[in-house]
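K.L.:
Below, each chain spelled out in residue letters.
2 protein chains.
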Amino acid sequence: MELKSFIGLDEAIRKGMKYKPRYKSERVSVSAAVGRYSAEDVVSPSDFPRFDRSAMDGYALRSEDTISSSKTNPSIFRLKGKLFPSSSEALEVEKGEAVKIMTGSMIPNGTDSVVMLEDSSEKGNELRVYVPVRKFQNVSRRGEDIRKGFRILGRGELVEPPHVAALLECGIEEVNVLSISIGIFSTGDELVSGTVRNSTQPFIQAYFRKKGFETVGYGVVSDNEELIEKALNRVEEDLIIVTGGTGPGEMDLLPAVIERKGRFVFRGLRIRPGRTTSFGFYNRKPVFMVSGLPVAALIASENVILKLICEWYKLIQETKEFRTGILARSIVNTLGFRSFVRVKTEGSGELTRVIPTRVTGSGVIYSLIDADGILVIDENSEGIEEGETVRIEVLRW
Amino acid sequence: MELKSFIGLDEAIRKGMKYKPRYKSERVSVSAAVGRYSAEDVVSPSDFPRFDRSAMDGYALRSEDTISSSKTNPSIFRLKGKLFPSSSEALEVEKGEAVKIMTGSMIPNGTDSVVMLEDSSEKGNELRVYVPVRKFQNVSRRGEDIRKGFRILGRGELVEPPHVAALLECGIEEVNVLSISIGIFSTGDELVSGTVRNSTQPFIQAYFRKKGFETVGYGVVSDNEELIEKALNRVEEDLIIVTGGTGPGEMDLLPAVIERKGRFVFRGLRIRPGRTTSFGFYNRKPVFMVSGLPVAALIASENVILKLICEWYKLIQETKEFRTGILARSIVNTLGFRSFVRVKTEGSGELTRVIPTRVTGSGVIYSLIDADGILVIDENSEGIEEGETVRIEVLRW
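Line by line, the protein sequences give chains A and B.
If you count the first sequence from 1, you need to add 779 to reach our numbering.
If you count the second sequence from 1, you need to add 779 to reach our numbering.
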């Protein structure tokens, strides 16, 4: 891997985007779909609510009969029956009549509003109403929530808890979600012998699992071309991630295997940390190679792998939150590299201070736990001076 | 349920806080702990890295031997062996000597820095170094990442992917996590008959599952005291949530059951939506009663149930993100009530517009899907005028 062959992140994404994966989907219950990506646009088959219904416990009546109502001069109504959400009878209500009604019940014919219990009093067959009621007051109108044809869920959208409510309300009990699976293994004699602990692989696996993908770990593999090839062949998932084994040093046998049975799309990126990040195909399956150092692996996962997966499968990425603050310590950038600096914020509002937790050291895990944001420094920048106002991306897991 | 007995949210939390639950924990693998709450403080048993190690592929040498190195006047070193992360041999390196070293390998005795491959060239047994190298350059110092005794994970903290990396690096493969389980059922003949679809229960279940709790759904129960009592007795989980059946109307039989075999801590809250939210104990088990309308149930779940669970079990709540913007439409508040208004933001920076998606209608699911924030209006406020700058809480699932 030659530094001069390294490419910029934007170019890497452009080059990587061209892949068109075949995708699988599966039909699951709406509840089981939470945390996964929809494989289809789901639209409401009908209006919701399906009818005008009461938004309160109270009395359904004609609003025009209450125009002059007041505490001292209540309107008087004749009570006629009771309506529950489970009622199916058709009640006809005339002028001067009211019907006791429970939240969620269908508004009876002839009425247009509901007066709350607190604003009325019942005595025998008589109802007194102490306030004027507006037309449609305390009434949820048919279709006011979700209109027939409204897109409840978009293709590629992450299913969240409120979708569960909306889909079920519309009578939709199952949805098609994308099945995207990732097989992950690590290379390195030092991992096999235990001199270095295999922490990056479970970390990256947890990261992608939390993002809604199925992940399978294939353990650690020695620095041996034959074994690496075997490991690549063993992965049954849609994508492969290999951690470790991409440094410019001589122990990096994975590239040789890739070059024999596949091809590289890019080898090495002008990003920091994560410069050894590479991507190619092996037996037509996408293979990402990331550093064995956890922070470098994370930066590559977030900015390269997740980004390309979202492009390929047309997943809608979460909107990122940003915060601005004053940089507490100058940061130097290597021209031509995009740096991802972990920062910790202190204070709030205009007094927010942005403190780089560690400028170098991609293995520094502590900085990940401590950090609450990422400051991205552009390729064209030589760095940012202490005291400058910067915009940071809020770190979310 | 009388409006005048309704209490404010802060008072409700104070009253509810007094409960001291017994808690269970279970020992799980670090990977399985992600998304759950730690039952213990976990501290690093040793320094990490455990030794000074190379942060790069390159050559270990004495920095003082490179002081005057330059492109035209390189320092010359005699090469002596190679070190891999899996090496365990003890190499002694003298003045003028260098050792080829791979990322992650232990720095050999006698050296204090590593020069990158790019800044040197190897020819036979000779190494040329073209730049001066600082002491400890490209070296990860022992303990620089995590010091012995550093608290990696705090009791009550949500386990996130980077904890996986940190714990495994420190050789910790299992942690104790809290087991907190919630049993949920719904009441209402209209749900049993299917006139109204049971969407709130699966929604709230998905909400609490995503927050790291085990949830079990017990389906729907008719408006019948005996059946409601049976349902309460059937729940084996630590906490009970009942959706529906808490309106001030006459079909609300759950309160009668609670009053017979338990007690209420509060009945009705001065919040909007969610004013029917109630809390008590049944057979000494906490029971939350929330509206059957999804938005009201959500506001209660987030601001009452989750808040009390966090207090009881001493869970560390996620830090909330806030955003400011200009209110696009006036909102009226009922004095004495705290309102939770769903809003949608448009634009960014100083031009951010905050648009209430729906001011009333707690059943309005669409507003949940569309909204990206919540604007909280205080009890003492009569409302907020269009054009005022407001701070909203970013909605996260």
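Treat each hint with caution, since some may be false.
Identical chains blur together in the list; that is why a pair holds if it fits in one copy or across any two.
[To be verified] When the alpha-carbon atoms are kept at most 27 Å apart in a straight line, the in silico DSS-like pairs for lysine-lysine are as follows: (1) K927 x K1123; (2) K1123 x K799; (3) K1086 x K989; (4) K1040 x K859; (5) K874 x K859; (6) K989 x K1099; (7) K1099 x K1123; (8) K1123 x K1093; (9) K797 x K850; (10) K1123 x K1040; (11) K783 x K879; (12) K989 x K783; (13) K783 x K902; (14) K783 x K861.
It is worth saying that the hints were derived from the structure and are not from the lab.
K.L.:
Now, for every hint given, state plainly whether the structure supports it.
P.N.:
Okay, the hints, checked on the actual structure:
no., hint, verdict
1, K927 x K1123, "between (47 Å within a copy, 22 Å between copies)"
2, K1123 x K799, "neither (38 Å within a copy, 34 Å between copies)"
3, K1086 x K989, "both (15 Å within a copy, 24 Å between copies)"
4, K1040 x K859, "neither (81 Å within a copy, 36 Å between copies)"
5, K874 x K859, "within (12 Å within a copy, 104 Å between copies)"
6, K989 x K1099, "both (16 Å within a copy, 19 Å between copies)"
7, K1099 x K1123, "both (17 Å within a copy, 15 Å between copies)"
8, K1123 x K1093, "between (32 Å within a copy, 24 Å between copies)"
9, K797 x K850, "neither (72 Å within a copy, 41 Å between copies)"
10, K1123 x K1040, "neither (44 Å within a copy, 50 Å between copies)"
11, K783 x K879, "between (80 Å within a copy, 22 Å between copies)"
12, K989 x K783, "neither (35 Å within a copy, 45 Å between copies)"
13, K783 x K902, "between (89 Å within a copy, 21 Å between copies)"
14, K783 x K861, "between (81 Å within a copy, 25 Å between copies)"
Comparing the model with each earlier hint shows violations of hints 2, 4, 9, 10 and 12; every other hint is respected.
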